[in-house]
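Protein chains in written order, with the working numbering: chain A, 62 to 490; chain B, 325 to 694.
Since the hints were derived computationally from the structure, they do not count as laboratory data.
Hints are supplied without guarantee of correctness; some may be wrong.
[As the list claims (entries may be wrong)] Okay, derived cross-link-like pairs now, DSSO-like style, lysine-lysine, Cα gap no bigger than 30 Å in a straight line:
1) B/K510 <-> A/K423
2) A/K215 <-> B/K527
3) B/K500 <-> A/K291
4) B/K510 <-> A/K429
5) B/K510 <-> A/K291
6) B/K374 <-> A/K215
7) B/K510 <-> A/K364
8) A/K114 <-> B/K374
9) B/K374 <-> A/K143
10) B/K500 <-> A/K215
11) B/K510 <-> A/K215
12) A/K129 <-> B/K510
13) B/K500 <-> A/K129
14) B/K448 <-> A/K215
15) A/K129 <-> A/K148
[Stated by the list, open to error] If you want the footprint, here are the derived chain B segments under chain A, 3+ residues with CB under 8 Å:
16) 385-394
17) 540-554
18) 622-630
19) 651-665
All C-beta atoms, glycine included, are put in the ideal place defined by N, C-alpha and C.
If you want the building blocks of each chain, they are given just below.
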Amino acid sequence: MQKRLLALLLAMAMILALAACSDNAADTEKPADTGSTGATEPADTGSEAPEAKNVKVGLVCIGDENDKGYTYNFIRATETAKEELAKNGINVEWVIKYNLIEGDPVAVANEELAEDGCAVIFNNSYGQEPAMLTVAADFPEVQFVGLTNEGSWKDDLDNTHNAFNRIHEGRYVAGVVAGMKLQEMIDNGEIKPEEAIIGYVGAYSFAEVISGYTAYYLGARSVCPSVTMKVQFVGSWSDATLEANAAQALIDQGCVLISQHSDNTTPATTAEKNGVFHTGYNADMIDAAPKASIISTRIDWTKYFVYAITAVAEGKNFDADYSHGMAEGEVVMTDLNEEIAAAGTAEKIKEVMDQISKGELKVFDTSKFTVNGEAVTSYTAIDMTGDFVPDEGEAIWDGEFHESAVPDLMSAPYFALRIDGITLLNEAF
Amino acid sequence: MRERKQPLFHLVKRSELPAKYAWMIRLLSLLAAMLVGALIFLLLGSNPVKAYGEILSGALGRESARQRVVNIAVPLLGVALAIAPCFKMKFWNIGAEGQITVGAIGATFFALTFGGKYGLFAGKEPSLLLLLMMALGSMLCGAFWALIPAFFRAKWGTNETLFTLMMNYIAIGIVKWLQGGPWEGKPGSQIIPNFHASALLPKVFGVHIGWIVVLVLTVLIFVYMRYTKHGYEIAVLGESTNTARYAGMNVAWITVRTMLLSGAISGLVGFMIVSGANRTLYYGVAGGVGFTAITVAWLAQLNPFAMIVISLLLAVLSKGAGNLETVMGIPTSISDIITGIILMFMLASEFFIRYRLVRSHKESKEAKKA
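With the rest of the complex left out, here is chain B (with noise of 0.2 Å):
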């Protein structure tokens, strides 16, 4: 009769679980997180309470580090905020990472044409002209390098995910060719010679002048999601393509337009880390971020206020792994692993919020059927 095994388990929506309980259910997975990131740091032979203590010591424990932190956030910050829409939309960018890239590659053209030359820019101060100019075309780059997958999304309805991550590669192996190719410094050094005085970000408080930027776009991308018309038909879209279209939506002209402004806000961030950390193009600017941010948006239930607490909790957990390695000899590629479970715990904690498991009987069988 019944010839199909039953699963011992089975996945029942919730149907609304209490705000307290569902506090207690990510608390409890942080803690198994940090429980299972102890096991790690026994079998390295480190004592985890010194090195979680290591951690927070290292991130919060002096003004410089507090900087760093905030520092490793912007971008963070920044690259969650521009992948919001898409996702909110179910449009699955991942190609940050490359539209980064791709507007770094914008903000470097400016930086090393116009740095230090024709007069106008060869002061020792920052150029505001020239930082404007950067700041347009690594937008402008990376709303282009968004376009592509967008258009063809659009208009032959290709799969978003692929062609937005093979875009990534595209961008850095552009980098590793500017690098060795026009913009090589010493000959054969694949080295792109550091930004002129005038195309740095100057800094306030110590860090670089982005964090005031991507604080802003956290309003502006709030309000925009929640409270304009673009913001409402993007909502629509990501619920269904179908109601949008009944309700007489440009489908094709919401993703290319969202993509649009993604593209441009992952190209600013690239523009501030050249400018504002690394001084420099090279192939591994964007360092990942834009796949972390996606993590960020997905903890955050793309709620641009709660990304800044978590690009604020990774950073923190990014800046005390590299403390670990100098006072405990821990490598950071272990503190990597550490923070993929912390993160993977929390993810999984969003999960059980909105699912439970049941033990399956054999008398829910006859549920099951009907």
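Here chain A stands alone, though its shape is the one from the complex (with noise of 0.2 Å):
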């Protein structure tokens, strides 16, 4: 008995204790929690009041900004798009939620968004918009954005929107300084033309992965032309193990330089350690890999968010689909690292951005590649009937593929085709 006693009296100290340490700390927190608090209450004004400018966003992310590379660049953009907002005397208080794949948890988070006052709510992931869109229509005022999809193109809902920035433009370019490098080793003697291969990083055999890897690969021709190219698809948008796994199996076919479609830094790592070269996406790697990362492009989404977020502060409406690329400066290239690009790269990327703003330079001119020894003529983008089959409009006219061409066709890339010069390693996904 006596024993029980005193287990109870420790038990009461303890907690007293705890209680105590957490009246202090609650105090000493007080500067951070009122940061919160006070983005929360004008905001949920805001999602009544449109004209007092307060808005709160919801972002429902696949992964987390620990992945440096697809989300966090999606974050990086809340960030400077809140300081854009802030100076044309809109509030932005973004509601961000990580790490949801698709399903159920998709459609919870989208709810509890809408619930919660959010006015536009943003998807970033393909795989999360049939969810979204469950959801959609039970919240008509409330704005919801699949990135990188299409459901805008064919549900019967007016509070739904697409957007997919043009990164095929800076895969070009990136392409472009990669067979500068390439180039430049050929001309030293470093390599043989024949050993100009480019290994690509995949995720899947997804068309915005093919039409990333084939304008990379269209960039490096147009100044290296006896350059060819291997694919490895690793069946995952994020994992570093098999990133450097597939890196290290391209590099030992040979392979002297490395670019990627995948989240993770591991390819510019195993290029670096390995003694090849290589380019990024999403985020500057140069940091990983400062002796093999020459370059990366990223989609900057600042001013999507800012576009799209102004609408619906003023209460208007914005664009069911949305594709703006270098011309916008919307698609982006990161720091060139000088100390290893080939002479006149920087001048070479000014002269490239330039003439793809202006709208000189063909990304995918179909004069310049062919599938099976021959041009392509005629390419159908978009499937209405959700069989997965493309049946109406038509993306080839005036000598050029159109890619992600808003309004005419979607922003959701459609380039499919597997051109000469590019082998796929594996088939699995």
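Please assemble the complex out of the two chains, which come individually in their own frames, going by the hints.
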């Protein structure tokens, strides 16, 4: 009995100690606390009274910022967009939900955000859209955006939108940078012309990936005619080990330059370890691989966020589909690693970017590539019947394959041709 | 004389603890868990009182939130019911995750094959026939998945814990293959298209009809465990294999039979998740339910009615955690930690209800020897 009493007393003492400590800490934490609640309060009224220009905005992410890649790139844009909008007198409170891939958890997240008063909700991955659409119907006053997807084409909802920027333009420029490096190596006698092989770590054989590596390859070939490319699919958007293994396999097969459409920096570090070069995606990877990574390209989502949120704050509609590129500054190149880039690369980048922006250079110029030895003259882009076989929308006109052509076609990439010069090492994914 | 060092404390089994004290221990552990949780909130710079408040209001404040809570509780309860007979039998089935997944595959097969097709299933309303086919398919698949480790255990005495665990990863691997292979929607997307409306469970009071199914199951399992010959056999086998054998029970068949039942119910839960909640199949379909349900079953001490309460409690915590992220910017991973702490303390309290910690005295050495 005594012991039980003692135990009880001990427990009480512990509770009191904890409570005391929690009081103290609560006091010292006040500044941080008011910071977050301060942002909540005006936003709550904002959803009811848009003229006050306070907007609560939701973002549903497939990963989190630790990927230092895809999701990180969105998180960065939320911060810059918040700054930009503040200058225009629009107060944004971002509510971000992480690590949601598809299915019911995505629907729950969208529902929570909508009920919490978000005026617009962005979903940053293809797989989230079906779940998002099931919620969108219940909240007609909330705007739902599926990035990289195409639902707004087919659903009968007025409050759904899509957006994806023209990253193939950035890929093309990165390809030019890679091609110049390879050509320099050929000219210096470091490799033979036929040894100019690019290794590309791709996530899946998804149109977005195919479009990306094809643009990259065409960019490289525009300055290094002998270049060929091998693509290894890893079967994951983000798996550091698999990506490293894929890069290693490509290097073992003779690739002297690695690029990637996957989220981690391991392809860059693997390239560095093997003494080959690299260009990246989503983020500057020079820190990770200073002797290998030459440049990266990424979408800058800031302007789209500013555009959509401003429209919502002012109670206006915004485009159901949206795709901007280099001309608008929404596809950008990261800093060039001057120490390892070929001579004259910086000037060339400027020149090519300028040409793309003015529309003088066509990334998918149909006279510049062949499929099974033949030029492509017709391509159907959009699936309207839901069977995943495109049945509408001609993508080729004026000698160009028009990728992410908005408003003629759609923002979600649809280039899925397998052009000559590129070898796929596996078809599993 | 005494080389071995005495431990400072040792455990003594309690003879009988009055219910009053048992509940006091439970209450104190919950309090202690919440205090430790509060420390974590403080470390993150959040006000713990507000945080706990947000968990409650987020889970129970709105009708839609309450519906979500039920939505989360349904599979937890269903799987806890499924594994209860196994655990009663001391057969450690930690393969519910895989059995859910395989059940979901079975249901998805019928949804994709027949949903929206053949005139019969092309309507905009849920088709009873199709849903029954999906339910049956899921139960057969789940039962089959459970049969494999049960058979090996019954026949060769393999370790069911490892076996059922490994089966989970195989099941998840199969779904990944289906996602990228035969059932893939848009090429390269790794995504199976959403089910046709005819393959979706209808809703009753805003939640898919699965909640009625699991409530009925609760009663059935209670009766099965308490009042049937099967239930008695399971209980005897759980206490002692030899007793069961001596009483002339067919141990192998009881093991296999119980696992078939367990797998079938888990599979059925898989069907409810894909058809009622997700509307599609993906590799995260079980989402840890198979493991959390073990906690539910234990906390409820294998009592089906207590499982209703525990699964609802966990669902409140889980839904509240989502709200915490939306309102206070506290990541769900932190809420998972808090939930984990609460569960650990609750399980520990059951331990301390059965045992007590006694300070070892030198004099007690003689007593120990005796």
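Check the structure against each numbered hint from earlier and tell me which ones fail, lowest number first. Per hint list: 6, 17 and 18 violated.
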